[in-house]
Structures are given as C-alpha cells and as structure tokens.
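Throw the hints in and build the complete structure from the sequences for me.
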Amino acid sequence: MNRSDRSRLIDALIEDDISEADFLLLEAEMSIDPQVREEYYQRLELATLLETTLGSEVVPMPTSATSSWWSGARVMVAAAAVVMVLSLASIFWTQPADNGFAPVEKLAQGFGVVVGQVDAEWADGRLLADGDLLPAGELALVSGAAQIELFSGVSVIVEGAAQFEIVSPMEINLVAGKMRARVPEAAHGFLVNSPEGRVVDLGTEFALDVIDGQSVVHVLEGEIEWHSKDQPMQQLDGGQAIRFDANGDTEAMAADASAFIGIEEITARRNSSRVAQFERWERYTTDLQQDPRLVAHYSMDAADQWSRRLPNGVMSSATQVGEGAVVAAAEVADRWGRSGQALDFSPTGSRVRLVVPGEFRSMTFLTWVKINSLDRWFNSLFLTDGHELHEPHWQIMDDGRLFFSVKKNDNYDSAKGVQDKHIFYSPSFWDSSMSGQWLMVATVYNVDARETTHFLNGQVLSRETIPEEFLVETTNIGAASIGNWGMPSREDPAFAVRNLNGSMDEFAFFAAALSDEKITEIYQHGKP
Amino acid sequence: MNGLENESAFVEQLTDLQLALRIYVQSLLPGDPSGHDVTQQANSTIWRKRADFEIGTNFRAWAFSISRYEVLNYRKEQARSARLGFSEELNETIAEEMSTRSEDLEKRHEALRGCLDNLKPKDRELLLHRYNSSATLKDYSARSGRSVGGLKVTLHRLRSVLLNCISNRVATEEGRA
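In order, the protein sequences belong to chains A and S.
Heads up: the first sequence at position 454 corresponds to 454 in the numbering used here, and the numbers run straight through without jumps.
Heads up: the second sequence at position 141 corresponds to 1141 in the numbering used here, and the numbers run straight through without jumps.
Honestly, the hints are just simulated from the structure, not real lab data.
All C-beta atoms, glycine included, are put in the ideal place defined by N, C-alpha and C.
Keep in mind that a hint or two might mislead.
[As the list claims (entries may be wrong)] Straight-line C-alpha distance at most 25 Å; calculated SDA-like pairs for lysine to any residue:
(1) K1076/S / D375/A
(2) K527/A / S273/A
(3) K1152/S / L50/A
(4) K1076/S / D398/A
(5) K408/A / E473/A
(6) K518/A / Q459/A
(7) K1049/S / L50/A
(8) K1138/S / I14/A
(9) K1076/S / A1061/S
(10) K1107/S / E51/A
[Stated by the list, open to error] Some chain S residues judged to face chain A by a derived CB distance under 7 Å, without partners named:
(11) V1011
(12) A1051
(13) L1128
(14) Y1131
(15) T1154
(16) H1156
(17) R1159
[To be verified] Facing chain A, from chain S, some residues (calculated, C-beta under 10 Å):
(18) G1035
(19) D1052
(20) I1055
(21) T1057
(22) N1058
(23) H1109
(24) R1113
(25) R1124
(26) L1127
(27) K1152
(28) V1153
(29) L1155
(30) L1163
(31) R1169
(32) E1173
Written as structure tokens, this is what we have:
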C-alpha cells in the first residue's frame, strides 16, 4: 500500500465509509507502523477541528460563482470563536441521539453550578445547595443573591427578585431583575435576552437591569452589542450604559458598577454570613452539649494531634463515654471550610474507636457526613464490634439507602425464614451527583412509639413501625467504631471492608428518641 | 484554596480539555458517529467524579482514563452491533499515544482558520457542506451537479491541503517566535 492509498483509507475510516477488507488492512498497518497512527491522529484532529469551526455556520445554497457569504477575515474569526464555544456547549449538553446507545449511568443535568448564595430564597420553596447543578427551565430568585458558574466559563451573579432561565451555557433569558456577568475569552458571544432586546458579549463584564418594560445595560469593562427589535445594532464600550424601554426610547448614561453586587462583594457577604452562622452553631452546640439525653458528642477535630484523641464534648451526661481514638483517618476541612477540623475515613482501616457502656432504651444517631462515593456494599456510619444481641448497626448501602438494625435473635435460621433482626431501610437518598456535599443524616429508634425514623438534612426520609417480634426494649453498644466495622464476624475480607469513603464532621448519640422538630432544629443551626 | 475556587478551576480545566477529549474518544471509536455522545457521557462522569480528582496531579491523564472507561462501556453495550472496531492491543496503543501527545490544539485551530480563509469559495462551500449540514454528499451532488465519487476525491485532497497548510503555518509561527 503506498502513501496516498493509505491516506485515502484513513479518511475513509474517519468518514465511516470503509469496506471490511480495507478496515482490516489499515488496522494491520496501524498496529505495526507508528507513522500510520500518527497520520490517523492528524486527520482525526483535522476532522474534529473542521467540525468545530464549521459546525454552526449558515449553509449557503451551492453556487458555482463566487459567493459573498464569507466576507472578511475579521467576521470569520469572530464567528468561528462563537461557533467554537457554542459547539463546545453542545458537546457538553446535547441529549444523546437515539442511536441505540443507552447510558447505564444517570446523566447529571444542567448548564451550570450554584457556587455561592447570600440569603438566597428561591420561589416555590426550591432548595439549592452550593455545588448543586442548576436545572433548566425558568427560575425565580425571590430575594438574596446567587453566584452561578456556567459550563462555558461565564460567571453570573443574580440579585433577587429576579426571574430568569438558563437556556444553555451560552445563553440566559432575563425576564426581570438584576444580573451581572463576567465573560472569559473562551465564552465571547455569550447572550443575555431581555424583553427589550439582546446583549451579545464581546468581552468581558457587563450588567443588565430589567424592570417594568425597560432594560438598562451597563458595560463595566470591554464591549457588548445591543440588539433591539426594530433598531440597528448598537455597540457599547466600557463605562457606557444605556436605558431602553419598550417604546424604543433610549437614554445614554454612565455605567454604574456599584448598582450591582460584584464577585468580591458576594464573596465577602458570603463569608460574613457563614461566620455568623458558624458562631450561631457554636453557641447552639454549647447548649446541646448540656442536654441530659446526649451521651456522646464528637466534633471530629483532634485537638491533640499527637495522641489522636477526640474528647467527648458532652458536659452533663450520667454515662461514662470517654474519648474516641482516631485510627488512620486523615484530618480534612470541615463543613465550615476550617482545615483539619473533620475526619476523612477513606484511607483503608480508618475509624474512630470508642466504648459506650450502659444500657439504653430508645436511641438517636446523628452525623454530618460528606460522601465521596458509595463504592462498598456497606458503608459504615456507626457499628458495634461484631454483631451481638441488642446492638445497633448504622450504615449506608451502595445504592444510597440508609440501613439501621438492632439485633434481636441469636438463634436464627435464614433457611427457615427466621431472621436475627429487622432492617429499617430508608429510600435511596444519595446519588453520585451529591458527591462532596455535606449532609446531615439521623436515625431515631423509638421504643415507646415502636417506630424507626430516618432523616436527611432535618427532613423525614422514612418512618417504619418496628415489628413486634423484632422490638428490642433494652439496647446496648459497648465497643464500637465510627466510620468502620471493628470486628467483622465473617472471614470474607471483601465483606469486612466497610470504611466510609467520605468524611464526617460531627457525630452525636442520644439515649432517647429525639422529636422530628428537634432534628430539624439541629439541622437548621448546624447547616453551613 | 477553598472548595469553590477548586470547583471553578475544575470547570476551567474541563472546558479547556474539550477538544482534546473529543479527539481522544473518537480515536478509539473510528468512524463511529456516537463519538459525540460518548464524549458527552464522559464529561458527565468526569463532572460527577470531580471530588475524586487530586489537585496537583495530571488532569488530562485523569480525565482520559475516565473517558477510556466510558468508551469500553459503550463498546460492551455495542458488542453485538456489526460495527468494526480496533483490536484491544491497537486500542491500548492508541489510548497511550493519545494521552501523551503534545499537539498545541489551539495553535493548530488558529492556523486552520487562516488556511480556510485562503481556499477557493467553491472548496470552502464543499467543506462547509460536509462539516455543517446533515444532508448527505448525495444531496449535495444532486444540487451541485458534481459526482459523489468526485466530491469524495476533492474532500480528501482538501484535507491533505489543509494539513500541509496547518503544519507550514505552525512551523512559520514557531520560527518567528
């Protein structure tokens, strides 16, 4: 095969226009000759660059004469830049075509991420945590401010009350309210539509204020184009602002950056509100530690780094639960962002060892946890050593369900359908889109009401009656581990690896059934 | 660095990697139009696994290894389709070579734009048709009065011209720098 045949076959391969015989021939050449592979890489790269560059141009009708659709290098380069970013956006977020390829895993959906909020209140009680993907469709921010990063690289701050829709990583509809956008070079061509017209960003920062039939555009830096329905396009430079109303009247003004919250300001406000929230939580914790129902409370910050001991923070308990001993777990930032104040249990063997003497009736377990992934069958939160009578096990299944049990029977025979315990599962509350988020999980074992309740972030996940035959009225714990299983009773090592792939920031055990309201209250005070 | 800065740095790195990632995935799925979807799937997985990425390590290598897995997954799904795929060994070699390739894609992209500018309008039109429209070469043949075989030959010649032009431009630019 000579060189030009080879090139032709490579193109045919890339174009999906190759016979089986030619495919095998080429594959054989590629397997032995690095030069052939190099040409394959180059031609593939060219095809991709061509797709990217030409992918969204307007296709003219075929002509044999010189056509004028491609006039001027400047226009072309600008258009190509826009096209590149747009097709990048489409690479990212178009839905898979119906080609028989069914993704096994769930797709994360959205065009950007909420990176920070200050007193943000969303319409319809929608709750968005920092780090959440922003859903498509219209969003209404009732009050406060939110910083959003789109996958195009555009950073946007929206101030409530505002109504908007993220159409794509490169386009936002602003129906009402204030929005400030910082656009990096890679995202030039970013669009914001208001009822009065459309802003096309040419770099780098602008703001838009839409109220009652008028739009005011402020160019803070760089330049933009303003396209309104009936008027010629206007180009505005940094420092300029123009007000447009629905009648087409315009008024030139000076741009006023101070009328919009900037990234520095939102960061400062977020920090100060976080500090305030943190101080509120500290005061609340001091009160909580005097609650007579609290038996063990570990804040997961080993004050003494050498001895790796966690003091039990409980101040008024009659029980004698002592300090916890940290094994292998690494110190990481807590949910307030303070470094070294939480424990990461992902290193193999990680755990906090503790001994909880005494007998209990109802019990409540509560922890702040950040899960990286649920890659084990069982992912430990709190397990007693081995699995003895009347002892609780609290963990998360690989499918995201909370697991809680108290062992009732020693003599059981699963072949005859006799179980040793009843397992209370919550519905699945976790998927990988929540990876890295701090969550508060809690489980209440209420002997008197004969029910077990699971909670996520202060809300009830599920409530289940404890079957009569599995009710354990007197529970005990003894030696136990946080974040792992101390003494696997089975020999199978695969079964025994149960350390949590994630971090814990706070762990509490109450010798009582806390009410739903109390759990909600703890969450409200403890959320960062 | 706090988590938010990490997150936006992550988005930036992932955005910058898009072209290379697309080429990487497609190189392992020769001629397969699903390359786009698999790339998107890989993007989505990379995003979900962002907490696993260790700052300071090679982002490109990390993202490529996740994408490689997505390609394998996809091929497993497609095992019964009639589509031809490279042998495991060749795929292995390609994956490795693609991961260590140090082409400056941005520079080549820029050069390509200049090269396209110097083409005859008729040639540009054909390229635009091929890389933009969903219509087939046959449609274009009917509309332009040129034979399909002839169009294929022309497209092949144009690609070779563009590759040469890109190499020359990049070399000239590097010579100047």
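Hint check, failures only: The structure conflicts with hints 7, 15, 20, 21, 22, 31 and 32, although it agrees with all the remaining ones.
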